[in-house]
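Those protein sequences? They're chains Y and H, same order as listed. Each residue of the first sequence is one higher than the one before, starting from 1 at the first, in my numbering. Each residue of the second sequence is one higher than the one before, starting from 1 at the first, in my numbering.
Calculated from the structure, these hints are not laboratory results. The structure displayed is predicted, hence computed values, not measured ones. Backbone N, C-alpha and C fix where the C-beta goes; we use that ideal spot for every residue, glycine too. Treat the hints with caution; some may be incorrect.
For each label pair, taking beta carbons as the anchor points, the in silico distance ranges come out as [stated by the list, open to error]:
#: 1; chain 1: Y; residue 1: Ile309; chain 2: H; residue 2: Gly107; range: 32 to 40 Å
#: 2; chain 1: H; residue 1: Glu35; chain 2: Y; residue 2: Lys16; range: 44 to 52 Å
#: 3; chain 1: H; residue 1: Lys57; chain 2: Y; residue 2: Gly116; range: 51 to 59 Å
#: 4; chain 1: Y; residue 1: Gly116; chain 2: H; residue 2: Ser257; range: 42 to 50 Å
Far from chain H, by Cβ distances over 10 Å, these chain Y residues were calculated [what the hints assert, rightly or not]:
#: 5; residue: Pro14
#: 6; residue: Thr20
#: 7; residue: Gly107
#: 8; residue: Asp125
#: 9; residue: Asp145
#: 10; residue: Asn149
#: 11; residue: Gln203
#: 12; residue: Leu226
#: 13; residue: Ser257
#: 14; residue: Phe266
#: 15; residue: Gln276
There are 2 protein chains.
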Amino acid sequence: MQQQVKKDNLDINPLKELTTLLHDDMEEVNKHIIENMQSDIALIPKLAGYLINSGGKRIRPLLTLATTRLYGYEGSRPYGLSAAVEFIHTATLLHDDVVDKSEKRRGKIAANLVFGNKASVLVGDFLFSKSFQLMTKDGSIEILDILSNASAIIAQGEVLQLSATNNINITLEQYYEIIGSKTAALFAAATQIGPVIAGADKQAAKAMYDYGYYLGMAFQIADDILDYNSSKEAMGKNIGDDFREGKLTAPVIIALSKANEEERKFWKRTLQNLNQQDDDLEKAIKLINKHNALQETIKLARNFADKAIDAIEKAPNHKLKSLLKDIINYTIERNS
Amino acid sequence: MQQQVKKDNLDINPLKELTTLLHDDMEEVNKHIIENMQSDIALIPKLAGYLINSGGKRIRPLLTLATTRLYGYEGSRPYGLSAAVEFIHTATLLHDDVVDKSEKRRGKIAANLVFGNKASVLVGDFLFSKSFQLMTKDGSIEILDILSNASAIIAQGEVLQLSATNNINITLEQYYEIIGSKTAALFAAATQIGPVIAGADKQAAKAMYDYGYYLGMAFQIADDILDYNSSKEAMGKNIGDDFREGKLTAPVIIALSKANEEERKFWKRTLQNLNQQDDDLEKAIKLINKHNALQETIKLARNFADKAIDAIEKAPNHKLKSLLKDIINYTIERNS
Chain Y
1 MQQQVKKDNL DINPLKELTT LLHDDMEEVN KHIIENMQSD IALIPKLAGY LINSGGKRIR
61 PLLTLATTRL YGYEGSRPYG LSAAVEFIHT ATLLHDDVVD KSEKRRGKIA ANLVFGNKAS
121 VLVGDFLFSK SFQLMTKDGS IEILDILSNA SAIIAQGEVL QLSATNNINI TLEQYYEIIG
181 SKTAALFAAA TQIGPVIAGA DKQAAKAMYD YGYYLGMAFQ IADDILDYNS SKEAMGKNIG
241 DDFREGKLTA PVIIALSKAN EEERKFWKRT LQNLNQQDDD LEKAIKLINK HNALQETIKL
301 ARNFADKAID AIEKAPNHKL KSLLKDIINY TIERNS
Chain H
1 MQQQVKKDNL DINPLKELTT LLHDDMEEVN KHIIENMQSD IALIPKLAGY LINSGGKRIR
61 PLLTLATTRL YGYEGSRPYG LSAAVEFIHT ATLLHDDVVD KSEKRRGKIA ANLVFGNKAS
121 VLVGDFLFSK SFQLMTKDGS IEILDILSNA SAIIAQGEVL QLSATNNINI TLEQYYEIIG
181 SKTAALFAAA TQIGPVIAGA DKQAAKAMYD YGYYLGMAFQ IADDILDYNS SKEAMGKNIG
241 DDFREGKLTA PVIIALSKAN EEERKFWKRT LQNLNQQDDD LEKAIKLINK HNALQETIKL
301 ARNFADKAID AIEKAPNHKL KSLLKDIINY TIERNS
């Protein structure tokens, strides 16, 4: 089946629009981020700043901010809490890069290769602690509950991903569990705390949890497509990272489900045994394309995106609502 | 000056006595530890259990429990919070072993060498998240504040230690800052939350903070002595670990302060340049002994121990008080 990839709205970037609309608020969030990564130990702000100032989109704190305002709260509470969300994410990235032996992150050489694995582990721990200090300062046990649960789920997702690496028998359901834990859980927590800060009801918190969760699923699936699709320059990390690590994502899982005997041998050699040659990534991409696996994967992302749209429809009317909706589509379309 | 090392009370182990006295309570703490390290991801309880069930003394949760009871609270709140304290410690150990490239921990091969660095980092993150879930469940913002501050300080101490590694110009004051952060801060938090749980006043919390802090300082200095003093079997980790890593601790800092030109060259080669030969550890121990540096180091530990004794004297009369005092001396004497 032919899958038509939309290219219409690519000039419009709703993330940038949201950042512009919430510019003054985001300045405050950034202040909280910068202030709270300071330490007398020079290596800490140096290493944390290397990653934090490297042009990340700050999508998670932006979502916390936007969902708080969406439910009508105009005070300063989301600043510290948005910074806390970003710190959990940054700590995870620092530990991920050690775990994954990544070479690049956000277009720069990964922090662990510049400062060493040791420093990356410990500065990650520092930022993680700081995130809990920020939540504690805010003082809401409900928010501490949401974010500490999310942190535990993220760690479990990372361990699950590690356990599933090099396993060519992984199912789509297992893949969903991994990305649901390692990615969607923090998106969900980031958007759920918005209405909680605003004092909205449980239905609102549930709707925003769903919005963040499904957005996170679509976001991660789109990211996994990029690893087999985009140019190095466009994505700021090396294409083929997942392939080289033997990390099975949707495009490969789908290609594997349609593989003939010989193709299965190829995936087994390259992903299970990690016995890879120079042109194997190219071959992998060819097999993925042969089975239309990228288009199939986009459909999976589209399904989650539709659920995210259903969830955001439940939000009250507000100028932010349509932008939060546009972000969903943008998340998928950026890979086309 | 000759330093007489006390050997009188070595048969009596006040830690064991305390564990016996609080046996039923500690069973509950252990239940909380075991329950909260469970996960559907099999690798998590497997790896966490490998370290947690390896015969650690559980000194930190024991201290939380004891200081809570000392101030007259008899309920169940310290169970979860003691487990939280132990999880922060366990997470730190898991990350430490990755950072330090340790070969042994508690007499067993270090977890990272059995399960891999990746798994150790991620399971550490899981336990760290779990500790905050336990605190959140308890619901005291004051305790969350104490323990999240301690966590941030520990991470800073670890980074400071990393930055100071291979620096033969480190001063005793800098060494105190490192061990104060990486070790004493968690002891202090563990003992401070006792009176806080019990609803005692600020003076009580301050006294128990001081008790834990100075006990932690004495404990770490004694531990650093062991690395140049004890037999492998007695301590369950390799003697000479600090030396091999170029980690400067009190015995070496003191020996360095009295070193002649040639000795300084030796320390520079072995600890700064990490250019070490087979018999260098032996030589190092000889130099340390030549300058009476272990005895001098014991005196430093003794000073902190005396401050811990001053602090525990402020506690109310209770059968636990004398045991908490005895632990101070035991901490120092175990190295003799």
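Going through the hints against the structure:
1. Separation of isoleucine 309 of chain Y from glycine 107 of chain H is about 57 Å and departs from the stated range, judged on CB atoms against 32 to 40 Å.
2. Between glutamate 35 of chain H and lysine 16 of chain Y the CB atoms are about 46 Å apart, so this pair conforms to the stated range of 44 to 52 Å.
3. Separated by about 31 Å at the C-beta atoms, lysine 57 of chain H and glycine 116 of chain Y break the suggested range of 51 to 59 Å.
4. Distance hint for glycine 116 of chain Y and serine 257 of chain H: a CB-CB separation of about 29 Å, inconsistent with the stated range 42 to 50 Å.
5. At roughly 31 Å, the least C-beta separation between proline 14 of chain Y and chain H is larger than 10 Å, which holds for a residue marked as non-interface.
6. Annotated as non-interface, threonine 20 of chain Y keeps its C-beta farther than 10 Å from every C-beta of chain H; the closest such distance is 33 Å.
7. At roughly 24 Å from the closest C-beta of chain H, the C-beta of glycine 107 of chain Y stays outside 10 Å, upholding its exclusion from the interface.
8. Distance check for aspartate 125 of chain Y against chain H: the nearest CB is about 4 Å away, which does not clear 10 Å, and the non-interface claim fails.
9. At roughly 5 Å, the least C-beta separation between aspartate 145 of chain Y and chain H is not larger than 10 Å, which violates its mark as non-interface.
10. A beta-carbon of chain H is positioned within 10 Å of the beta-carbon of asparagine 149 of chain Y; the least distance is around 7 Å.
11. Distance to chain H confirms glutamine 203 of chain Y as a non-interface residue, since its nearest Cβ pair spans about 23 Å, more than 10 Å.
12. Listed as a non-interface residue, leucine 226 of chain Y keeps its Cβ farther than 10 Å from every Cβ of chain H; the least gap is roughly 23 Å.
13. With a least beta-carbon separation of about 24 Å from chain H, serine 257 of chain Y lies farther than 10 Å from that chain, consistent with its non-interface assignment.
14. Taking the minimum C-beta to C-beta distance to chain H, about 26 Å, the non-interface status of phenylalanine 266 of chain Y holds against the 10 Å cut.
15. At the 10 Å boundary, the C-beta of glutamine 276 of chain Y stays outside the reach of chain H, the nearest C-beta of that chain being 19 Å off.
Against the hints set out earlier in the document, violations occur for numbers 1, 3, 4, 8, 9 and 10.
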